[in-house]
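Enquirer: Sequence:
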Amino acid sequence: MKALIQFFASRSLLVNLLMLASLVAGLTAVRSMNAETMPKIDMGMVTITTAYPGAGPEDVELSVTDPIEEQLRSVKGVDTISSTSTEGISVISVTLDPDIEDKDSAVRDLREAADRAAIEFPDQVPGKPEVVEITTDEFAVIELHLSGAVPEETLRLEAERLADALVELEGVGRINKVGYRERELQVLIDPVAVQRRGLRYDEISTALRGGALRSSGGSIESFVTERQVLTVAGYDEPSDVLDVIVRSTEVGNNVRVSDVADVFYDFEEWTKQARSGGDLGIVLMVLKQAGSDTLDTAALIRDLCDETRPGLPPGVNLEVLNDTSRFTKDMLGTLVNNAVMGVILVFFVLLAFFDFRLSFWVALGLPIAVALTFVGMNLFGLDLDLMTLMALLLMLGMLVDDAIVAGESVYQHREAGLDPLRAAIDGTSAVAAPVITSIITTALAFAPILFLGGIEGKLLRAIPIVVALTLASSLIESQLMLPAHLSHGSKPSKARAWFTWVRARYDVLVARLVRRRYLTVVGYLIVFGLLGSLAFSRVPFNLFPSTDSDMFMIKLELEEGTAFERTAVKAEEIEALIRAETGDDLLSVSTEVGHHDYGISEGGTHAAWALTKVYLQPSGARERTSAQIIEPLEATFAKVEGVKLLEVVKGGSSTTAGQPIEITISGPTNDRLRVADILIEKMRANPAVHAVESSYVPGKPVLEVSLDPVLMSARGLRESDVTTAIRVAIDGSHIGDIQLGTEKVGFRMAFQDRDRASLDTLQGLVVTNQAGDSIPLSGVLSVRERPGESSIRHVDGDATVTVFGDIDRALTTVEKINGELAEFVGEARIEQQYPEVRLKFGGELEQQQAAMGELAVALGLCLGLIFMALVVLFGSLTQPVLIMIVIPFGMVASVIGLMIQGIDLSIIAMVGMLGLAGVLVNDSLVMVSGLNAARGERGELELGEICDGASLRLRPILITSITTTVGLFPTIYGSTGSTAFIVPMISTIAWGVLFGTVVTLGLLPALYAIEQDVRRGAGRVFRR
1 MKALIQFFAS RSLLVNLLML ASLVAGLTAV RSMNAETMPK IDMGMVTITT
51 AYPGAGPEDV ELSVTDPIEE QLRSVKGVDT ISSTSTEGIS VISVTLDPDI
101 EDKDSAVRDL REAADRAAIE FPDQVPGKPE VVEITTDEFA VIELHLSGAV
151 PEETLRLEAE RLADALVELE GVGRINKVGY RERELQVLID PVAVQRRGLR
201 YDEISTALRG GALRSSGGSI ESFVTERQVL TVAGYDEPSD VLDVIVRSTE
251 VGNNVRVSDV ADVFYDFEEW TKQARSGGDL GIVLMVLKQA GSDTLDTAAL
301 IRDLCDETRP GLPPGVNLEV LNDTSRFTKD MLGTLVNNAV MGVILVFFVL
351 LAFFDFRLSF WVALGLPIAV ALTFVGMNLF GLDLDLMTLM ALLLMLGMLV
401 DDAIVAGESV YQHREAGLDP LRAAIDGTSA VAAPVITSII TTALAFAPIL
451 FLGGIEGKLL RAIPIVVALT LASSLIESQL MLPAHLSHGS KPSKARAWFT
501 WVRARYDVLV ARLVRRRYLT VVGYLIVFGL LGSLAFSRVP FNLFPSTDSD
551 MFMIKLELEE GTAFERTAVK AEEIEALIRA ETGDDLLSVS TEVGHHDYGI
601 SEGGTHAAWA LTKVYLQPSG ARERTSAQII EPLEATFAKV EGVKLLEVVK
651 GGSSTTAGQP IEITISGPTN DRLRVADILI EKMRANPAVH AVESSYVPGK
701 PVLEVSLDPV LMSARGLRES DVTTAIRVAI DGSHIGDIQL GTEKVGFRMA
751 FQDRDRASLD TLQGLVVTNQ AGDSIPLSGV LSVRERPGES SIRHVDGDAT
801 VTVFGDIDRA LTTVEKINGE LAEFVGEARI EQQYPEVRLK FGGELEQQQA
851 AMGELAVALG LCLGLIFMAL VVLFGSLTQP VLIMIVIPFG MVASVIGLMI
901 QGIDLSIIAM VGMLGLAGVL VNDSLVMVSG LNAARGERGE LELGEICDGA
951 SLRLRPILIT SITTTVGLFP TIYGSTGSTA FIVPMISTIA WGVLFGTVVT
1001 LGLLPALYAI EQDVRRGAGR VFRR
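So the sequence shown is numbered by the UniProt record's numbering: it starts at 1 and just counts up by one.
Relax, there's no trap hidden among the hints.
Listed next, the in silico DMTMM-like pairs over lysine to aspartate or glutamate satisfying Cα-Cα at most 20 angstroms (straight line):
1. K76 with D99
2. K744 with D266
3. K177 with E743
4. K555 with E573
5. K2 with D419
6. K650 with D585
7. K744 with E158
8. K272 with E557
9. K744 with D164
10. K40 with E133
11. K272 with E153
12. K177 with E153
13. K128 with D59
14. K458 with D137
15. K650 with D808
16. K744 with D236
17. K840 with E827
18. K177 with D137
19. K76 with D97
20. K700 with D59
21. K744 with E152
22. K744 with E160
23. K103 with D115
24. K840 with D677
25. K840 with E681
26. K458 with D79
27. K555 with E565
28. K272 with E182
29. K76 with D102
FYI, nobody ran anything at the bench for these hints, they're computed from the structure.
Just so it is clear, the structure is predicted and the values come from calculations on it, not from any experiment.
Use the sequences and the hints to build the structure in full.
Expert: This is the structure:
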């Protein structure tokens, strides 16, 4: 290594060229890297969505969901299968085994399984299941809200125009529309007229399909050429449907649709409606193409919106909301600002210890190392996303540590009288081994993150890679470039007067600590033990804590049976309360009536549900945090009457961890609902639990029809004749999509409103058999009405209901409340009373237990790897223990720091602790290496020599600790809004290093002396 250092140290011109090349290459690399919000990962999930228009939840379950689930059971690599069957749609979520080797093959098998199941679907199912692999690209980059007090057709037209313009932009993928109703051709049947003319309902639907026919008739070969035959029918106008012939007779008495039905061209019935400020709206959710740059794509979209607004019709508003590119933009801004501030602060800290030349070149090492890191990231195919930028922010305070250690060593050699070149070579070489080892230990500390499982592990995987790249860049700069810059200049001045004073005081202190070394160890243990006990009792553990966010949501549920229009009115009332409470802090508010799904959840649609999204001003532009805004809002909501559920979903919380209370109950329908009611009653009686709800939602009443096959056969009726008639009578029969002019529209056949389904309608329904006879259905079927479910949920094929609850973390914890509920289940003998019922405690508790287990393994692996690296360096088993003894003290210190800042102990904070283990070792390494160097071949130091050795290491340890904390504290106290989530990780390292320095400078010399005592004592024992 010394020869390599000497080669570069004596070639300043070459090093300067390499430095400039590094900066240029870094800038080039940054420009060529994509800016993303989140890392490109697959979520380990696949959704299978199948539309079944007009079918109720039970029909969807039996006809669509069950056949698909049956086929999915044979697919290898599947972990869990969960499904939701709601009116008109089946959504199945498949979670893949995280250890699966060939994910693409598993996804392909899932597609084939869904296609096999589709063979069994009823004819009314219009298409095949849609199989989508969930990745981070499946989330919208930006939301565009069109709204106004204008006709729906006007909004619809503008939404179409804007969507067409959007897909032409570079980087834009597909557009999902919310609140956009498709056109529908409604053929409203008069059942009396149908009966009078002796028609069957399937005759009418067949005739309607035939009129919309567009199909291939094969090909005709001639002597000259072969030509394709295309059979084309279709409708140019809605009125054309009236002329469709349903039945022809020999005498020319044709029965047309107009004889038995009216035709209306209208919109579909509402399932999801978007509203803003009380006005109707349409939301365009813009998804980007895979591999495109988020910042560039979002900028193009915003520019298009600016160009579009002047041309919008009067009264139409266009808002850009939920622009996720701002997260990356904010993080990039934080990185640049903190890097600039870090260079300045580091320079002035160094200037307090050294001369201008050394301070300048050491500080300049930071941008050079960052530039080299960008080059490495580009070579590894990494993007600029929240995780990679977080890793860079994390390393800002440590990037100059190696340069400081090397520079300080060169400074010492210059003080000893060596010429600049020799001092640069010898000084850098003297610390090369500990510097390289410290880089290895820091990289090893972060390496276990690579082995974390689940979505969290995938999201965090880039961090150790970026850390390793920054450390390698720092090594290149400090060991190869810095010596050349320090190989010139005059002899350094004497140590600063203030540092001479500090060093003198430290000499006195360390001498006392070393003389009373055993008492010193006991004192440190007592002080840190008491502080640690206080901190751990005050800092709550929260796997995914909420952070200050610019957006939150409100879930609204009204009583079952509430009309869609009434829900919209109530949602407007909630919007008014929000505006009154938020005031100037509000940016915008919008509501989607008909559902309250968010994230990747799928709860289905319901006329009595709504989801209101509240967009706040950026955190820097408002005085209150989102929590301070939400608290009085929740108090206001508690007074709202006429609602079944009204709760706030905090935008800064994670959707991956689930609810603090999430108990899934499977078993027979009545039993699982009774158990759910028992648990809900228990939860609501606990003052620490709120927002208690169940996944079971009553739906429309179900008309259960039983057919008598013997009587049907005797009357010449087929089952299809009866089921078609019943479907038309109840909700209408979806015939399919047809071409109407240039537009594809839905086609539905239903009874006229006055004859819409009721028990009396079905009992009085008359169906024509194959012989043309009119047969009253009352003679072949029995009908009973019973309560229905709004959605039917399965987990691994079993019907389930899940109860949810949130908690007040000031009163209880996730582990405690779930433990109490599990204890209650045992005391109430629920499993004995309902033996077929099974309960599973999941949500945040399950994720927390899994994460803690993985982090415990990761920490053990981290410590083991660091220990082995130190054993290799020192050739000793005791000295690595001395160095690593600082780690538990530093971790206690990091929790103390979290307590001071009022931050929860979260998974992000614990990942920071893994990194802290490597960082803490660095200063201890410098101390022990210095003492070993002073000991030389003698094998032992006098107590005074230990104190002198510690005194020599004071300056590099003090500088690296100060620069690390100075480099990190701007991130801690300057991060707000979208960058606030990184604060726990940065805080654990900053506070751990700050307090760890006290341990390194005070406890470690005492432990070094104790180690010598032990070795002396062991030597005397063995000599005997």
